[in-house]
Amino acid sequence: MLTLFSVFSFDFILLLCTAVLFTVGIFKVMLPKIKGQATWKKIVNWVLYCLFFIIAPAGISFVQINSEFGHETAAGFGTFLFLGMAVVIAVIWARTMNIIGTKKEMKEVA
Amino acid sequence: MVTLNRRNFLKAGAGLGAAVAGVTVATQTPIVQNIASAAAGGPAPEYDTDTDYQRCENFYAPEAYWGTTESITRITPSYHDYETMTENRECKLLERRNRGGAIIKYVNHNSEWLGTTQIIGPIAQHSIIQGHMPRFFTSEQVYWGEAEAEHVGGVGYNPYVKVAGNMLNVADTANMGAINKNKIPIPDPEQMTVHMKDMGYMLGAHEVGVGKTPEAAIMKDQIDYTTMELIPNTVYPYLPYCICMMHGGMVESHLATNTFDSRNMMNNSSSGLITLSGSIAMATYIRELGYNAYLAHGRAGVNVTPCLIAAGMGELSRGGVNLNPRYGTRGQVAIVLTDMPLLPDKPIDAGIQDFCRVCMKCAEVCPVQAIPFDVDKSEHNGYLSWAADLTACSSFMYSRTRNPANNGCCGPCKTSCPWASKEDSWFHQMGTWLGSTGELGSTLLRSVDDIFGYGTGMEALPQYKWWIDWPEIYDYDIPDGADAADYK
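Same order as they appear, the protein sequences are chains A and B.
Residue numbers for the first sequence follow my numbering, so the first one is 648 and each next one is one higher.
Residue numbers for the second sequence follow my numbering, so the first one is 7 and each next one is one higher.
Please note that a few of the clues may not be correct.
Said to hold, decoys possible - Restraint ranges, calculated between C-beta atoms of paired labels, are given here: (1) S656(A) to E445(B): 47 to 53 Å; (2) W119(B) to R742(A): 56 to 62 Å; (3) C697(A) to L100(B): 42 to 48 Å; (4) M256(B) to A685(A): 51 to 57 Å; (5) G444(B) to R742(A): 35 to 41 Å; (6) S453(B) to T726(A): 16 to 22 Å; (7) I739(A) to E101(B): 38 to 44 Å; (8) V667(A) to Q375(B): 33 to 39 Å; (9) N104(B) to C697(A): 46 to 52 Å; (10) M732(A) to E370(B): 26 to 32 Å; (11) L678(A) to D380(B): 55 to 61 Å.
Read the hints as simulated data drawn from the structure, not as lab findings.
Cβ atoms here follow ideal geometry from the backbone N, Cα and C, with glycine treated the same way.
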């Protein structure tokens, strides 16, 4: 698979960055914060986490390739579709992981 | 006075016998055959008696052609060792063909099926006079007159057209090349097929396939391209194997056109010239090995679409031409027909029949409605297929020859096809995979293609337009009110 990419190609760099961020995210964010959560929430979080790391790089690659070849409609709609989906997934994931929205919950508890 | 006694009778008999034998031998020599043929008003076959090479006869003298090749084809080839190829590889240089992500199943080529196209009736051989376009169904005699003559004869207005025309003349000359009378031992058919595919890739082709030549793919008439006159009572030779070389061109160049400008000459001719030069080299090489070879290019007497299907390089599409899983309909092809023992590939089923049934994008963008909207196929020249009106298609193209803004071109059907005119990227491979899964996947692919704005048939990216139209050399008046800049 690695032979498909030249070392300095955009796709290779994108893949490398994605792999690094994915791994770092597991050890620095997912594993510490997922402890103590309900099982269904763990599953949802892992699914959302993986889905984000599929859709976001795919969207970036899609937009980059279509921009490079001059497919304006595809690049524009791809930005809206892929990156929009990635942002929505990221927000839901951050909420279920209690990364955002915690202050509001604390106020309600208080 | 000579008395005819027993001794003189025997002498006279021997002399007469020797004379008859001498005349018989003499008339069988090539030089006398040439003279006799010329005296009979027919084309004179040429023989090179000074070398070990034998002419592949004058292209317009099929009877002589057959006469000289018959003795060659009956010789059993002698094989020699050839390093075995690693299994599960297409050939030594390429692991497998680029199928663009499509799911490929292998199907048969027999009397009932040509790949995924069913044969339900007698198939008429096409006449070369039917024109330059890829013909698959039509059996009627159609000729488009002066415009086609200029176009096909390479007498176009754009200098690039003349390049293509000159190369076609070279190809015609190459078809009269010499066959080595002393056959060189070759590997067994499977290894030889691998070798020829490797050679095709080395010569610049993007995809190479070997097929069993469909008999109906051979044209029944020949034409003299210098005068554009039909040569009566002539047939093209049938050679059992077809080596097909396809070049997909550069997608950037295809994206640079609205398909009505000089696209045909610039994109198609560029790719065509690569495969044409490759086929000239391959045909010459095969003749050097001692086998018959005849290269078929854009204007030669072979219908390329059935050959491509037989070689597993695509399926018959709604538009009546071959649709390759990777290059769609934009691949340019040259074919070498040969009697060298080869192992033909199997035709493929990439799901294109299901896809074409539901897509219909090419039919929507065709400016002359030459591509039908029919859901079901019907019989056309023995094939169960969609009824593409290639006469209307070709007539429209040739009617535009004198226009500097198009140079006899039309091709929205090519650029609108979701299988064609796409860069080789992961998401287009996903798209063709989706399209090859069946009618549901095909409908999805068609919808996605529309949503992302691909394949409108009119998209033109000017940053890739690398050619010059040379409008000053055209016999064409810019219409009143039109912007002259549009014609430059």
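Hints versus structure:
For the pair S656(A) and E445(B), the beta carbons lie near 36 Å from each other, so the given range of 47 to 53 Å is not met. For W119(B) and R742(A), the hinted distance range of 56 to 62 Å is satisfied, since their beta carbons lie about 58 Å from each other. Range check, C697(A) to L100(B): about 35 Å between beta-carbon atoms, so the 42 to 48 Å window is missed. Take M256(B) and A685(A): their Cβ atoms lie about 55 Å apart, and the range 51 to 57 Å holds.
At about 39 Å, the CB distance of G444(B) to R742(A) agrees with the hint of 35 to 41 Å. As the Cβ distance of S453(B) to T726(A) is approximately 19 Å, the hint placing it in 16 to 22 Å holds. Look at I739(A) against E101(B): about 42 Å separates their beta carbons, and that is inside 38 to 44 Å. In this structure the hint that V667(A) and Q375(B) lie 33 to 39 Å apart at CB is violated, the actual value being about 55 Å.
The given range of 46 to 52 Å is broken by N104(B) and C697(A), whose C-beta atoms sit roughly 30 Å from each other. Between M732(A) and E370(B) the CB atoms are about 30 Å apart, so this pair conforms to the stated range of 26 to 32 Å. For L678(A) and D380(B), the Cβ-Cβ distance of about 59 Å falls inside the hinted range of 55 to 61 Å, so the restraint holds.
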